[in-house]
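Novice: Chain residues, written in single-letter form:
There are 2 protein chains.
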Amino acid sequence: MFAEKMVELGSRRSTIREIFEFGNKRATEVGRDNIFDFSLGNPNVPAPQTVSDEIVRLVTTEDAAALHGYTSAQGDAVVRSQIAESINRTHGTHFTGDNLYMTVGAAASLCVCFKALAEEGDEFIAFAPYFPEYKVFVEGTGAKLQVVPADIDSFQINFDAFETLLNPKTKAVIVNSPNNPSGVVYSEETILKLTALLKERSEEYGHPIYLISDEPYREIAFDGVKVPYLTEYYDNTFVCYSYSKSLSMPGERIGYVVVPGEMEDFKAAYAAVCGAGRVLGYVCAPALFQRVAASCAGQTSDISVYRKNRDILYNELTRMGYTCVKPEGAFYLFPRSLEPDANAFCEKAKSLDLLLVPGDDFACPGHVRIAYCVKTEMIERSLAAFEKLAQMYR
Amino acid sequence: MFAEKMVELGSRRSTIREIFEFGNKRATEVGRDNIFDFSLGNPNVPAPQTVSDEIVRLVTTEDAAALHGYTSAQGDAVVRSQIAESINRTHGTHFTGDNLYMTVGAAASLCVCFKALAEEGDEFIAFAPYFPEYKVFVEGTGAKLQVVPADIDSFQINFDAFETLLNPKTKAVIVNSPNNPSGVVYSEETILKLTALLKERSEEYGHPIYLISDEPYREIAFDGVKVPYLTEYYDNTFVCYSYSKSLSMPGERIGYVVVPGEMEDFKAAYAAVCGAGRVLGYVCAPALFQRVAASCAGQTSDISVYRKNRDILYNELTRMGYTCVKPEGAFYLFPRSLEPDANAFCEKAKSLDLLLVPGDDFACPGHVRIAYCVKTEMIERSLAAFEKLAQMYR
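Just so you know, the sequences run in chain order A and B. Residue 59 in the UniProt record's numbering sits at position 59 of the first sequence, and the numbers go up by one each step. Residue 247 in the UniProt record's numbering sits at position 247 of the second sequence, and the numbers go up by one each step.
Because the hints were derived from the structure by calculation, they are not lab data. All the given hints hold, so there is nothing to weed out.
Where chains are identical, the list cannot tell them apart; a pair therefore holds if satisfied intra-copy or between any two copies.
Pairs of lysine-lysine residues, derived as PhoX-like cross-links and limited to a Cα-Cα distance of at most 20 Å, are as follows:
(1) Lys169 with Lys5
(2) Lys308 with Lys375
(3) Lys25 with Lys350
(4) Lys199 with Lys169
(5) Lys267 with Lys5
(6) Lys348 with Lys388
(7) Lys348 with Lys25
(8) Lys326 with Lys226
(9) Lys5 with Lys135
(10) Lys326 with Lys308
Using the sequences provided together with the hints, build the complete structure.
Specialist: Set out below in structure tokens:
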């Protein structure tokens with residue numbers, strides 16, 4: 001009666017959600033202060049004051065019918081221009097509003113690109129560890145997701161494994177840097193190697209392999225690390241962006257896709273993005289927040305909190321004996337679990353009211369994700385539990 | 001390289017958009033006041049003041065991280081409860097928050113239902129005249145849309161034609177009342193006959209045929225006409241609602257799906273809706289506007305303007321000799337074109353700077369849609385052009 005796959009996807013809550021709900025239940029038993037919940041990637045730093053100010057300004061000064069009315073499907077023209085200019089200022093690119101397509105957040109950006117590209121028999125490639133919804137979105141188009149196993153020593157790209165997975169059916173490759181869940185930023189060396197290989201294989205196969213850059217964490221990068229802007233390295237790149245993390249408004253669902261003018265057959269590419277948005281029922285991105293995003297483009301929430309959190313957690317955990325690649329961005333730490341079975345390890349952690357997510361969910365067993373977009377004070381209080389957990393394995 | 005169908009859908013602007021863009025261009029030539037643009041269903045009546053007030057209140061008093069944070073995928077629990085209560089108060093239903101799934105507007109509500117239901121070989125049925133995106137959305141799931149020709153004397157359902165289209169592959173039937181583009185409200189008699197037939201055929205085929213009620217115009221109904229609430233007549237009904245028209249905020253993309261508890265296998269049905277939302281990348285409906293919708297549920301913009309517009313247009317056009325079923329809701333008039341070819345008729349209208357949409361787009365040739373969600377004063381000024389147009393055919 002119902003589409004079986006949809007029932008299955010809707011019944012099976014993600015592991016992350018399960019843990020989060022457990023935390024809420026446990027909080028009612030022992031008090032919120034005694035639960036160390038590192039499960040969700042929901043920014044705890046509030047949106048900058050300018051977001052609130054801009055909302056109030058728009059609502060109190062603009063004509064309501066126009067402000068809350070439909071924008072064109074690809075987004076308001078002024079909004080797209082302003083955002084293009086902001087990207088150009090930051091990255092030295094040369095986009096105009098016509099390169100932008102406003103979306104209902106990063107998930108929509110990705111779904112639109114997948115739908116725009118996917119044809120019968122196509123394969124997409126992601127690098128582990130990766131955001132588990134990629135598989136849901138890609139398979140939703142009828143295409144297949146191939147996963148390159150992680151290089152667990154650096155969480156850069158495992159090129160040997162990648163090369164064997166590339167084949168003429170490869171339509172696109174998904175890159176997520178700064179990465180969820182590892183927090184690692186792909187170095188320029190990695191990007192150069194990746195794009196050289198993609199150019200070579202595109203040539204060999206006689207059709208482009210597209211790069212899809214999922215970058216909601218772009219601005220959350222520490223220690224002055226460079227996060228390469230991929231259109232500058234590879235013409236056939238779709239940039240999928242969201243303001244969820246940079247402006248701490250993941251619930252408002254606002255983002256965009258960049259289709260660079262240098263992309264092969266640009267006009268068809270942009271049309272395919274528009275067509276995909278139409279088929280998926282997006283109509284237009286939320287109108288008020290299109291304007292807010294444009295006005296606040298280039299600003300961020302107080303990201304320094306994440307850096308402070310990373311420093312405390314990384315330093316303390318490695319001191320306790322945990323093994324962890326030092327993250328340079330996003331708000332995740334992805335240490336190895338202290339036993340091979342990350343699920344068993346997370347269960348032990350749970351007995352200490354320490355809520356972590358097993359890496360199995362990100363196609364990277366033997367690791368756990370710690371989302372440190374939480375109060376610094378909670379991190380400080382949680383350290384004793386991390387220490388107790390380590391002791392269990394000594 | 002790109003999905004062919006997506007390129008096609010993204011390249012071909014809808015007729016309505018074409019006409020609208022023509023109007024904008026023409027306005028720069030002869031002045032906005034000299035163009036009578038009846039092409040778009042974008043409400044001209046502003047959102048009620050409470051919408052603005054509520055936005056400002058939420059933004060200035062609530063914690064920004066929580067306010068703009070993710071809600072659960074099906075929508076904030078408090079929001080869903082409040083909306084369920086509001087529906088119950090108005091329609092005597094008995095929903096709880098667990099019957100509601102918040103969406104990114106009516107298009108998303110529809111896409112989610114289609115995706116939740118569509119299996120290999122399924123057919124959906126719509127009644128002409130119908131909103132043309134139904135076809136795009138249904139075909140986007142791989143299913144087929146069958147169209148019942150219009151009963152042009154009443155724009156109620158053409159049951160003879162409908163009966164011949166129903167077959168064991170029929171998964172669901174889409175109803176849109178008050179109707180876009182005819183403005184007609186399906187009578188209780190129509191609904192009783194429709195639901196009796198669906199019950200009979202569900203029994204005969206051994207599986208339910210679902211009813212999908214697309215009702216963004218529910219509150220825009222005149223002369224005290226009753227708009228039957230379909231879950232009260234038929235258990236296997238999905239209600240697809242949007243606040244776009246009732247609160248004049250189509251750009252904000254906020255609506256919901258109701259899955260009534262009486263639906264066969266309710267749990268699987270609700271799960272399928274959640275799974276479909278997940279696959280389509282919706283994540284959650286815009287968080288701020290979920291709260292605004294809940295606070296303003298039951299209120300509407302100043303609908304009396306639409307009634308006034310209908311009265312002027314209907315009375316004047318019929319007086320001039322146009323043939324038109326009197327609309328009892330929405331903000332559309334759907335008269336017959338004065339020659340069989342509605343496209344040719346619209347071209348003649350265009351020469352008078354009168355912008356109408358040919359009925360062919362709504363699977364109903366020989367008619368034109370007049371969207372009267374415009375300033376009353378423009379309608380008054382347009383009457384001379386309608387008169388001139390009629391004279392061309394005398």
